[in-house]
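Generate the whole structure from the sequences, applying the supplied hints.
Residue numbers (our numbering), protein chains in the order written: chain F, 21 to 340; chain X, 13 to 430.
Fair warning: there could be bad hints in the mix.
Said to hold, decoys possible - In silico BS3-like links for lysine-lysine, alpha-carbon gap of 30 Å or less:
#, chain 1, residue 1, chain 2, residue 2
1, F, Lys29, X, Lys268
2, X, Lys268, X, Lys343
3, X, Lys268, F, Lys31
4, X, Lys268, F, Lys135
5, F, Lys63, F, Lys29
6, X, Lys313, F, Lys135
7, X, Lys268, F, Lys183
8, X, Lys343, F, Lys31
To be verified - Simulated coverage check for chain X against chain F, where a stretch passes if three residues somewhere in it have a Cβ under 8 Å from a Cβ of chain F:
#, region
9, 188-197
10, 309-317
Honestly, the hints are just simulated from the structure, not real lab data.
Even for Gly, the Cβ is constructed at its ideal location relative to N, Cα and C.
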Amino acid sequence: MTTTPYSWKHKDLCALADHSAEELLTILHTATAFKGVGERNLKKVPALRGKTLVNFFIEPSTRTRISFELAAMRLSADVVNISASASSLEKGETLLDTARNLEALRADLIVIRHKSAGSARFLADRLNASVINAGDGAHEHPTQGLLDAFTIREKLGRIEGVKVAIVGDILFSRVARSNIQLLTKLGAEVTLVGPPTLVPSSFSSLGVRISHSIDEVLEQSDVINLLRIQHERQRKEYFPGVGEYTARFGLTRKRAQRLKEECLIMHPGPMNRGVEIDSDVADGRGSVILDQVTNGLAVRMAVLYLCSGGAPLSKPDANS
Amino acid sequence: MIDPANGVDEVRDLFVTDGIIVEEKPGHAEVIDASGKVVTPGLIDIHVHFREPGQSHKETIATGSRCAAAGGFTTVVCMPNTSPVADSTATIAWIQERAAATACVNVFCTGAITRGLGGEEMAPIGALAAAGVVALTDDGRCVQNHGVMRRAVEYAKQFGLPLMDHCQEATLSADGVMNEGEWSTRLGLPGWPSLAEDLIVSRNILLAEETGHPIHCQHISSARSVRLLREARRRGVPITAEACPHHISLTDEGLKTFDSNFKVNPPLRTPADIDEIIAGIADGTITILASDHAPHAPYEKEVELDQAPFGMLGLETELAVFLEILLHQRKALSLPEIIALLTINPAKLLRLDRGTLSTGAPADITILDPGHAWTYDKNDSASLSRNSPFHGMSLRGRALVTIVGGKTVWDLESGFRS
Chain F
21 MTTTPYSWKH KDLCALADHS AEELLTILHT ATAFKGVGER NLKKVPALRG
71 KTLVNFFIEP STRTRISFEL AAMRLSADVV NISASASSLE KGETLLDTAR
121 NLEALRADLI VIRHKSAGSA RFLADRLNAS VINAGDGAHE HPTQGLLDAF
171 TIREKLGRIE GVKVAIVGDI LFSRVARSNI QLLTKLGAEV TLVGPPTLVP
221 SSFSSLGVRI SHSIDEVLEQ SDVINLLRIQ HERQRKEYFP GVGEYTARFG
271 LTRKRAQRLK EECLIMHPGP MNRGVEIDSD VADGRGSVIL DQVTNGLAVR
321 MAVLYLCSGG APLSKPDANS
Chain X
13 MIDPANGVDE VRDLFVTDGI IVEEKPGHAE VIDASGKVVT PGLIDIHVHF
63 REPGQSHKET IATGSRCAAA GGFTTVVCMP NTSPVADSTA TIAWIQERAA
113 ATACVNVFCT GAITRGLGGE EMAPIGALAA AGVVALTDDG RCVQNHGVMR
163 RAVEYAKQFG LPLMDHCQEA TLSADGVMNE GEWSTRLGLP GWPSLAEDLI
213 VSRNILLAEE TGHPIHCQHI SSARSVRLLR EARRRGVPIT AEACPHHISL
263 TDEGLKTFDS NFKVNPPLRT PADIDEIIAG IADGTITILA SDHAPHAPYE
313 KEVELDQAPF GMLGLETELA VFLEILLHQR KALSLPEIIA LLTINPAKLL
363 RLDRGTLSTG APADITILDP GHAWTYDKND SASLSRNSPF HGMSLRGRAL
413 VTIVGGKTVW DLESGFRS
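Okay, here's the thing in structure tokens:
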């Protein structure tokens, strides 16, 4: 491993919008180095030995929490998990007070998931501990954006010029926002796809194209990223139902046949098989959905390591 | 001396005896030398929240009135969203007594349109009128039911009481916390679209036209609302509107660091909205300037942005922001024109016997320096709260002396007199 010319001088990772292309590439390069650790028999390095990480998940999550937990363990950190029901937030304590208590217990890193946009930034500005955003409302999910970009780069060898279609509930999606930030900074061509209520025209100010027809983007896309569609109570005024959504925007088997042979099919999970994606397609050729999960570990190791003050790493990398 | 009500803009003396402006120079008098400065009628702000009764940890009538004095305001009009709501003569009497005992400026009350600001049952409007409220408003809680609003306007007409409305259609603003647009898209925050204001402004124009009774649209934030108002006023509809300092100086981009001091209702909008509001002020569509001074305690604002209360301090920076933007930066209005929007215009709307330096008027006087350069520090505020987005901002224009009923209550050099 050699030190790269890239740099990372931040204690927090709250939003990919806050960082330059160089800084984001630093994370991706460092993740490449850490990916090797996960493939070894002994899946552990001492980089964060003696550090304490708190997984502070005020909104439910399984995949992301476990991924952060495993990433921290592979870096030899001590890990504590807190859920909303186990915290004093239920007793009326403010988010800031709860976080200050965690800091008083000498937590070095706080990984937070919260339903309010800006909550990670809110804590990062007020705590000495490192704050890592694991999803704040509809704002950002930086490590998901990073692991998606990492996977694209790993599979296609580049990000610049790659045509990425992100399909679904863009308006309420933090995954979409982090993907848009990172992919546009690294030169990808991003198209957002969904009904006008879920992909309002205001997104065009973010340097992306908008389409209200999945059929328009199938042939030219190098990557198609399908977001989970939910039709809970608060979404009922945005689209009529899951059936109509699938008919107009679902990646059905028939539609999948029109994709380029090498097109990557991505999904941040959890999937609704038969809604935004046909079951066969999710398991078929081009699907990198489980690679995303594996790469999430390497990306999170890199983020925890860099935000703890680690020097950027990279393996000799033909794609860099 | 500038007295827009009398068309005065000249160098001259002003005499006061027993709290009243008089014609003749009194025998033995205290002399205030205001040469090189501007003497105006005491400034009037018809939109403040002083939080008493019920929320005195945010502000009190005493501390709020000190903010007013330090900002050059001699008269304020309080909104009724206190606890209890100012929807009864008992609460109005309590506020009036409290103001008489503790306020260093004139404090007038508004009464609620509906009981408990609930938007359903009419408040005791006749009794409130008799108790001395100067207007009716459910500020902060726009009356959604058009039938209720229509009846309230019709009923209030017999007392000559204008209605003031916070224009926000609730199904469109929904859970919005900031302007719906590019920045809400970037930040993933729920949007509060201009459309929600425009719809109620339209409703109010129609109701004012239908009833022939004045409705005043509070804190206009949207360009299209300005255009709707302009068109209606040309037709002679008895509709008026006010603009606030933050809606002509700050945009929704201010929320990009999720700073809750920039969270206000209606929300900060776009540069295009600012341009249209300023055009509306300049062409007489918007005839009143006000602060919407809305204190909140630090611990209430120091929470996740979507959970923080709406509102910001305003009285101490109001004059400076208006002068900085309207006079110095945009050169949109002359100083006498701006002073009219802060004195005689609000006085006329609410039928206050103030806002002029006419002989016989109460001696409410502000001495100001429109070019005074200073930097606002919220830690020097007279407020109990600190929620100002103007902290650290360099501004031009400031009150130097505030005189209420012939008595100096504050001056820049020595501060408050009591």
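- prompt: Tell me, which hint numbers fail for this structure?
  reply: 8
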